[in-house]
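J.: Sequence:
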Amino acid sequence: MELEEKPPDPPEKEQVYRIIKCPLKCVMKRYDTLQPIIEKAVGDINEIVVLSYQFIRLYLLDKFNNKKELPTINKQFVLDVIKTVSSPNSKRGQKTKEENIKNASGKVDMKRFYREEFSQLVSNQPCYSNKTHILAITANEMITCIHTNISTHFVKHLFKYINLIFKDPKSIEIKTEKDKQKRKELYKGLNQDIRDLKSDLINNKIEVSKPEYHTWIKENKEFLFPTKVNKSVAYDVKANPEKYIKYSFYINQKIEELGKRPYQVIPQRNNIVPKHITLNSNGIIDLIDDKKREMFEYNKSELVLHAKKHQKHIWSKILKLEKKDIFKQKEYVFYNQIITDGFSCSLLFILKKYKDKEYGDKLPTVNNETDFTKLEDLSKEVCDEFLTYKYKLVSLDPGKIRPITMIDENNKFFKYTACRRRFETYTKQSASIINKEKINHNIKQKEAVLSVYKSRTLNQEEYKNFIINKTKINNEIKDFYQRPLFRKLAFRRYVRTKQSEVKLLNEIENTYLTKEEKENGKKIVILHGDYSRATQMKGTIPTPNIGMKKLLLSRFEIIDVNEFNTSKLYNKTLKEMENVKVKRRKHMKQLHEILTPKEETNCRIFVNRDVNACKNILLLGKCYLMNQTRPGEFKRQVVKKEVIKKPRKTKQQIVVPSG
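According to full-length UniProt numbering, the sequence shown holds residues 1 to 659 in order.
These are computed hints drawn from the structure, not numbers from a lab. Every residue, glycine too, gets a C-beta built ideally from N, C-alpha and C. A portion of the hints provided could be inaccurate.
What the hints assert, rightly or not - In silico DSSO-like pairs for lysine-lysine, Cα to Cα no more than 27 Å straight-line:
no. : residue 1 : residue 2
1   : Lys-412   : Lys-446
2   : Lys-170   : Lys-184
3   : Lys-412   : Lys-238
4   : Lys-324   : Lys-575
5   : Lys-503   : Lys-175
6   : Lys-503   : Lys-550
7   : Lys-246   : Lys-67
8   : Lys-184   : Lys-156
9   : Lys-184   : Lys-374
10  : Lys-228   : Lys-218
11  : Lys-291   : Lys-328
12  : Lys-309   : Lys-254
13  : Lys-581   : Lys-184
14  : Lys-83    : Lys-478
15  : Lys-291   : Lys-330
16  : Lys-291   : Lys-25
17  : Lys-415   : Lys-568
18  : Lys-182   : Lys-444
19  : Lys-275   : Lys-572
20  : Lys-254   : Lys-503
21  : Lys-198   : Lys-221
22  : Lys-309   : Lys-29
23  : Lys-317   : Lys-415
24  : Lys-317   : Lys-330
25  : Lys-317   : Lys-374
26  : Lys-374   : Lys-238
27  : Lys-63    : Lys-218
28  : Lys-29    : Lys-246
29  : Lys-323   : Lys-572
30  : Lys-615   : Lys-572
31  : Lys-323   : Lys-308
32  : Lys-218   : Lys-205
33  : Lys-198   : Lys-218
34  : Lys-412   : Lys-503
Unchecked claim - Estimated spans, in silico, between C-beta atoms of each pair:
no. : residue 1 : residue 2 : range
35  : Ile-20    : Lys-518   : 21 to 29 Å
36  : Lys-205   : Lys-518   : 53 to 61 Å
37  : Glu-222   : Lys-260   : 38 to 46 Å
38  : Asn-510   : Phe-423   : 18 to 26 Å
39  : Ser-123   : Glu-376   : 57 to 65 Å
40  : Lys-175   : Glu-222   : 50 to 58 Å
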């Protein structure tokens with residue numbers, strides 16, 4: 001008997017999974033019967049998740065404030081929380097013997113805390129019956145959210161605490177200095193000192209910071225991060241985020257004590273519009289609970305125990321699998337799972353060769369992190385290849401107001417603005433509709449009451465007040481947010497966004513490639529500026545940054561270019577420029593978008609900042625591809641720092657007294 005070969009490892013850019021999103025009504029059989037069941041489940045799960053996040057935060061806060069050990073945040077812990085804040089229809093099937101219950105002592109403590117503290121803050125316990133399989137997936141999603149929140153924001157929390165202690169008081173002193181040049185130098189020195197202090201903390205070493213900070217580091221680092229750190233704090237928090245929850249509480253408590261707004265340690269679901277739930281074969285069987293066999297040909301226990309065997313039968317009774325335009329994909333097959341919010345649904349497809357995997361075979365993991373090729377990492381052969389007729393070089397300067405500004409060697413200019421994106425993706429119209437509905441139903445006035453309560457506070461009593469009032473408001477406005485309108489608008493935004501993105505890619509391709517060049521297989525290579533803003537800019541429209549870069553990568557080659565000095569230097573002379581100043585009323589105001597050379601010229605020159613940056617990025621990119629070096633004007637000066645070497649400890653001789 002010949003053994004079957006296992007599926008080969010997926011190629012680097014192979015898309016193993018595919019998601020098709022459509023209205024639930026398009027694909028669901030017996031829509032009038034099944035949709036209300038799913039709708040109710042979506043509402044119940046959303047309510048359970050809201051309560052679970054609140055319970056976890058209050059429970060951990062209680063442990064932290066009473067100096068008790070925090071429980072491990074794993075799947076079992078989250079499931080225990082979910083089943084504590086909700087209740088079943090009956091007690092049938094529940095384990096009563098303590099030796100058969102997982103984490104029995106932890107559950108007892110949770111029940112006690114719920115009974116004595118949490119139950120007095122909330123109004124009801126939602127039902128989790130027939131939802132155990134859905135809640136298992138929901139628990140994993142909640143853990144991911146908690147871990148992602150810590151791993152993404154912990155370093156930011158730590159740096160804010162450092163700034164509040166050391167930087168802000170000294171900045172106030174520097175402001176009193178009247179000499180502008182001296183003030184500038186003092187700020188520069190202070191910023192460097194704080195950077196060195198942060199560097200020592202993150203690397204868990206005392207090397208470059210000033211001696212005046214050493215005592216504070218030694219005395220306080222045990223409260224800021226674990227004693228055992230793998231490589232650095234920034235690396236370790238990504239690898240083991242659960243270790244840093246206690247330290248996040250401490251840092252944010254100190255931030256609050258200093259009179260500043262703390263960050264949210266445990267994420268909360270404050271938006272009560274019903275969210276998506278994941279339904280796999282077991283989940284949908286459990287939810288429908290077809291005891292009378294009105295839908296399926298087998299009883300519930302048979303279907304649950306042998307879900308893989310019967311999954312084709314299960315989904316054929318629920319979905320219109322015969323719809324060729326959706327389910328008949330060339331290389332993909334439906335993978336027996338949907339994600340739905342009761343209005344729209346996302347259907348999961350997988351490559352046919354991975355569909356029937358053997359027990360123990362691992363499916364390819366989805367890697368959401370994309371590594372973009374850096375200009376400096378290109379070999380001589382690759383550089384020469386990009387300079388051939390097969391490729392068209394185009395530079396791109398990313399930004400906030402204009403996410404895309406592009407130019408090629410023929411000075412063909414293309415821009416894509418945030419306002420255009422906001423209009424094309426239906427964001428503007430959707431926000432207007434929601435705002436009108438809120439005004440008509442007096443929702444804003446009701447929600448405004450919550451503004452006096454704090455969801456981020458580390459004060460236990462204040463957080464309890466928030467939960468009480470949040471629960472009260474949620475009960476009042478629940479019916480308003482559970483209307484299909486909000487989910488319809490979300491689906492429409494999704495569709496319009498996809499349409500807008502395809503249109504954008506086509507426009508870029510048609511701008512820089514002729515019909516003949518497309519037929520000959522010529523490709524666009526984008527020299528992409530490495531601008532990356534980690535946080536949302538206050539007062540501006542949210543725009544994609546890495547998301548836009550990934551979108552461009554789906555069709556074009558992208559090379560990351562360090563855009564140091566590309567906006568600052570004039571693209572023709574490589575001399576420094578400054579912002580144009582105009583008089584507004586009694587004061588002079590700088591125009592960020594328009595630059596002019598600092599040195600005197602025969603005629604006044606005005607340059608658009610984005611166009612200038614694009615031309616410099618193109619110049620820089622071409623120079624590196626030809627010579628494997630950056631022009632000197634675009635090189636960053638490296639400042640050598642003195643590293644403090646600790647004296648080696650010498651072994652002291654032990655003198656044994658005679659006698």
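J.: For each hint, tell me whether it holds in the structure or not.
T.: Do the hints match the structure? See the list:
| no. | hint | result |
| --- | --- | --- |
| 1 | Lys-412 with Lys-446 | violated, 52 Å |
| 2 | Lys-170 with Lys-184 | holds, 13 Å |
| 3 | Lys-412 with Lys-238 | violated, 42 Å |
| 4 | Lys-324 with Lys-575 | violated, 62 Å |
| 5 | Lys-503 with Lys-175 | violated, 50 Å |
| 6 | Lys-503 with Lys-550 | holds, 16 Å |
| 7 | Lys-246 with Lys-67 | holds, 10 Å |
| 8 | Lys-184 with Lys-156 | holds, 25 Å |
| 9 | Lys-184 with Lys-374 | violated, 34 Å |
| 10 | Lys-228 with Lys-218 | holds, 14 Å |
| 11 | Lys-291 with Lys-328 | violated, 32 Å |
| 12 | Lys-309 with Lys-254 | violated, 56 Å |
| 13 | Lys-581 with Lys-184 | holds, 20 Å |
| 14 | Lys-83 with Lys-478 | holds, 22 Å |
| 15 | Lys-291 with Lys-330 | violated, 37 Å |
| 16 | Lys-291 with Lys-25 | holds, 25 Å |
| 17 | Lys-415 with Lys-568 | holds, 20 Å |
| 18 | Lys-182 with Lys-444 | violated, 49 Å |
| 19 | Lys-275 with Lys-572 | violated, 53 Å |
| 20 | Lys-254 with Lys-503 | violated, 49 Å |
| 21 | Lys-198 with Lys-221 | holds, 12 Å |
| 22 | Lys-309 with Lys-29 | holds, 21 Å |
| 23 | Lys-317 with Lys-415 | violated, 49 Å |
| 24 | Lys-317 with Lys-330 | holds, 23 Å |
| 25 | Lys-317 with Lys-374 | violated, 51 Å |
| 26 | Lys-374 with Lys-238 | holds, 23 Å |
| 27 | Lys-63 with Lys-218 | holds, 26 Å |
| 28 | Lys-29 with Lys-246 | violated, 49 Å |
| 29 | Lys-323 with Lys-572 | violated, 59 Å |
| 30 | Lys-615 with Lys-572 | holds, 9 Å |
| 31 | Lys-323 with Lys-308 | holds, 22 Å |
| 32 | Lys-218 with Lys-205 | holds, 10 Å |
| 33 | Lys-198 with Lys-218 | holds, 13 Å |
| 34 | Lys-412 with Lys-503 | holds, 18 Å |
| 35 | Ile-20 with Lys-518: 21 to 29 Å | holds, 28 Å |
| 36 | Lys-205 with Lys-518: 53 to 61 Å | holds, 54 Å |
| 37 | Glu-222 with Lys-260: 38 to 46 Å | violated, 23 Å |
| 38 | Asn-510 with Phe-423: 18 to 26 Å | holds, 21 Å |
| 39 | Ser-123 with Glu-376: 57 to 65 Å | holds, 59 Å |
| 40 | Lys-175 with Glu-222: 50 to 58 Å | violated, 34 Å |
In this structure, the hints that do not hold are numbers 1, 3, 4, 5, 9, 11, 12, 15, 18, 19, 20, 23, 25, 28, 29, 37 and 40, in rising order.
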